[in-house]
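Participant: Single-letter residue listing:
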Amino acid sequence: MRKHLSARRRTLLKLTAAAALAPAVVRAQGAAKVVVVGGGFGGAVCARTLKTMAPALGVTLVEPNKTYTACPFSNEVIAGLRDIKQQEFSYEAIARSGVAVAPLIAVAVDANTKTVTLGDGTKLFYDRLVVAPGIDLDWKALPGYDEAAAEKMPHAWKAGAQTALLRRQLEAMEDGGVVVISVPAAPYRCPPAPYERASQIAWYLKAKKPRSKVLLLDSKDSFSQQRLFQAAWTKLYPDMIEWMPLSQGGNVTSVDPSTRTFNTDFDKHKADVANVVPPQKAAAVAQAAGVADRTGWCPVSSVAFESTLQPEIHVLGDAALMGAMPKAAFSANAQGKVCAAAIVDLLAGRTPAEPRLVSACFNLAAPDYGFSIVGVYRPEKGQLLEVPGAGGTSPIDGDSALRAQEARYAEAGFRVLTAETFG
Amino acid sequence: MRHWPRVVLAAALASFLVLASAADAAEPPPGASSCSGCHGAVPNGTPIPVLRGRPALEIAGLMREFRSGAKPATVMGAIAKGFDDREIDAISQWVVGQSQ
Chain W
68 MRKHLSARRR
78 TLLKLTAAAA
88 LAPAVVRAQG
98 AAKVVVVGGG
108 FGGAVCARTL
118 KTMAPALGVT
128 LVEPNKTYTA
138 CPFSNEVIAG
148 LRDIKQQEFS
158 YEAIARSGVA
168 VAPLIAVAVD
178 ANTKTVTLGD
188 GTKLFYDRLV
198 VAPGIDLDWK
208 ALPGYDEAAA
218 EKMPHAWKAG
228 AQTALLRRQL
238 EAMEDGGVVV
248 ISVPAAPYRC
258 PPAPYERASQ
268 IAWYLKAKKP
278 RSKVLLLDSK
288 DSFSQQRLFQ
298 AAWTKLYPDM
308 IEWMPLSQGG
318 NVTSVDPSTR
328 TFNTDFDKHK
338 ADVANVVPPQ
348 KAAAVAQAAG
358 VADRTGWCPV
368 SSVAFESTLQ
378 PEIHVLGDAA
388 LMGAMPKAAF
398 SANAQGKVCA
408 AAIVDLLAGR
418 TPAEPRLVSA
428 CFNLAAPDYG
438 FSIVGVYRPE
448 KGQLLEVPGA
458 GGTSPIDGDS
468 ALRAQEARYA
478 EAGFRVLTAE
488 TFG
Chain B
12 MRHWPRVVLA
22 AALASFLVLA
32 SAADAAEPPP
42 GASSCSGCHG
52 AVPNGTPIPV
62 LRGRPALEIA
72 GLMREFRSGA
82 KPATVMGAIA
92 KGFDDREIDA
102 ISQWVVGQSQ
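So the sequences go chain by chain: W and B.
Just so we're aligned, residue 68 is where the first sequence starts under this note's numbering, counting upward by one.
Just so we're aligned, residue 12 is where the second sequence starts under this note's numbering, counting upward by one.
Next up, chain W with everything else stripped away, as it sits in the complex (with noise of 0.2 Å):
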């Protein structure tokens, strides 16, 4: 900028600066606020997705922990095949790339004042505020399952310290043992996971400890790409993972962690080591952002995930309700990078186009032997809905070259994802 101006000159600034601190006009001139609540795939990439494209806005995250733990792939974690620090990515990236980082948690919302709260009682303004907390887990749900019940019991749906206890807790269990993985009813974050789980778990077994059996409870009678984990399953594990669906008595009711047994509706079954995947929730912040329902998850419109609950408040991720689109870290991310697009048509007085969204989840049954299922959603009646003909399960009948080839599609995915999200 020249040093001197015309006093004229200097005036009509003043009168430029002053019209744009009428809110409408910032939203148009780009001097506009955005807060993401939440650095994991979701709310990670949509920060850095809205400064990419509109490098004036003023972009600022908050996420208490100074590293995010990834969950894809900690299941390779608790069979001992990957190391923790392989999961952990840190926000500097993020914060190069011209986002400020606020290392706080966000412990409330006012939708009226358009103010986020800080844990340090920092209030920072908004003009549109992206919810991504990812999950809770519900201590309430299951009788007998608490935070205590966890450390004997772990869940290790959050990835870090639960995922450490639960390899410890494998490492120790003697040749013979029972493990047993308790699921819950939809929804829960990543539908596939425990399914994934179990083949990571007798992965372990068959080579350490090749008496032990897993045994799977769970509250459903189908699960997402069923045939292909079954078939897995036969082929690798045969007969050491027992899966117990709903109508055969699978639903748990309580647990007892001090003898680490599964209640279950006609049955008691005690666990060597006992995984509980506990039914869970949209995070805290939601709740008190006011965008959660009474299913304790987040409605949100389907073409820029804004809250039906609270005007100006996007939603993204496990927390949020979208549709048929699941609850995992590529979906997340997908929503990411669309909903920063249509903030940046918001904030510019445009109507964001109709979305089209991509899912693709990979699973490895082994090291070697992996499949995926993709989606492709769009919005249908204010839902995202799937796409007629478009989406499905890579082939059942796939040869072992085709099963190793996804298993190296999924340990790629997982980098270009993270890099995409963190690097």
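Don't take each hint at face value.
Unchecked claim - From chain B, some residues computed to sit far from chain W (all C-beta separations above 10 Å): (1) R63; (2) G64; (3) A67; (4) E69; (5) A71; (6) G72; (7) R75; (8) A81; (9) Q104.
As the list claims (entries may be wrong) - Below, simulated DMTMM-like cross-link-like pairs (lysine to aspartate or glutamate); rule was C-alpha separation at most 25 Å, straight line: (10) B:K92 to W:E447; (11) B:K82 to W:E453; (12) B:K82 to W:D435; (13) W:K273 to W:D150.
Because the hints were derived from the structure by calculation, they are not lab data.
All figures in this text were calculated on a predicted structure; none of them were measured in a lab.
Glycine residues also receive a C-beta, built at the ideal position from the N, C-alpha and C atoms.
Use these hints to put chain B onto chain W, whose structure you have.
Facilitator: Structure of chain B alone, referenced to chain W:
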């Protein structure tokens, strides 16, 4: 009226200009922004093909072959079936010009 320092004015004006140009240039067509979740250049390489810098016509041709089943795939056939010719062309043009 409050007196605004020049640096604030400069930032505000610069912001406006940058936003206006960048937002228009970067807008992905429907579906296109999902591709980079799997297709991207990473250290140590990747068996999943990188799309950046390839001819858009080549990508569009491959998508049509995946959609018809002429070219076998693990999941690309199931993804391509979610898009019509016009959408495939728009996506192909956009993805080859991206930085990742």
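Participant: So, for every hint listed, does it hold in this structure?
Facilitator: We went through each hint and held it up to the structure:
1. Under the 10 Å C-beta cut-off, the non-interface status given to R63 (chain B) relative to chain W holds; the minimum distance is some 12 Å.
2. For G64 (chain B), the requirement that its beta carbon stay farther than 10 Å from each beta carbon of chain W is met, with the minimum near 16 Å.
3. Distance check for A67 (chain B) against chain W: the nearest CB is about 18 Å away, which clears 10 Å, and the non-interface claim stands.
4. The Cβ of E69 (chain B) lies farther than 10 Å from every Cβ of chain W, with a closest approach of about 20 Å, so its non-interface assignment holds.
5. Non-interface status of A71 (chain B) relative to chain W is upheld: no Cβ of that chain comes within 10 Å, the nearest being about 16 Å off.
6. Every C-beta of chain W lies more than 10 Å from that of G72 (chain B), the closest at about 19 Å, which supports listing it as non-interface.
7. Against the 10 Å criterion, R75 (chain B) stays outside the reach of chain W, whose nearest CB is about 14 Å from its own CB.
8. For A81 (chain B), the shortest C-beta to C-beta distance to chain W comes to about 16 Å, beyond the 10 Å cut-off, and the non-interface label holds.
9. The non-interface label for Q104 (chain B) is consistent with chain W: the shortest C-beta to C-beta separation is roughly 15 Å, beyond 10 Å.
10. At most 25 Å may separate the alpha-carbon atoms for a hinted pair to count; K92 (chain B) and E447 (chain W) meet this at roughly 17 Å.
11. Distance check on the hinted pair: K82 (chain B) and E453 (chain W) sit about 23 Å apart at the alpha-carbon level, within 25 Å; holds.
12. Under the criterion of a C-alpha separation no larger than 25 Å, the hint pairing K82 (chain B) with D435 (chain W) is consistent with the structure, at around 24 Å.
13. Proximity of K273 (chain W) to D150 (chain W) is assessed by CA-CA distance (about 20 Å); at most 25 Å being required, the pair is judged to hold.
In terms of the numbered hints stated before, the structure departs from none.
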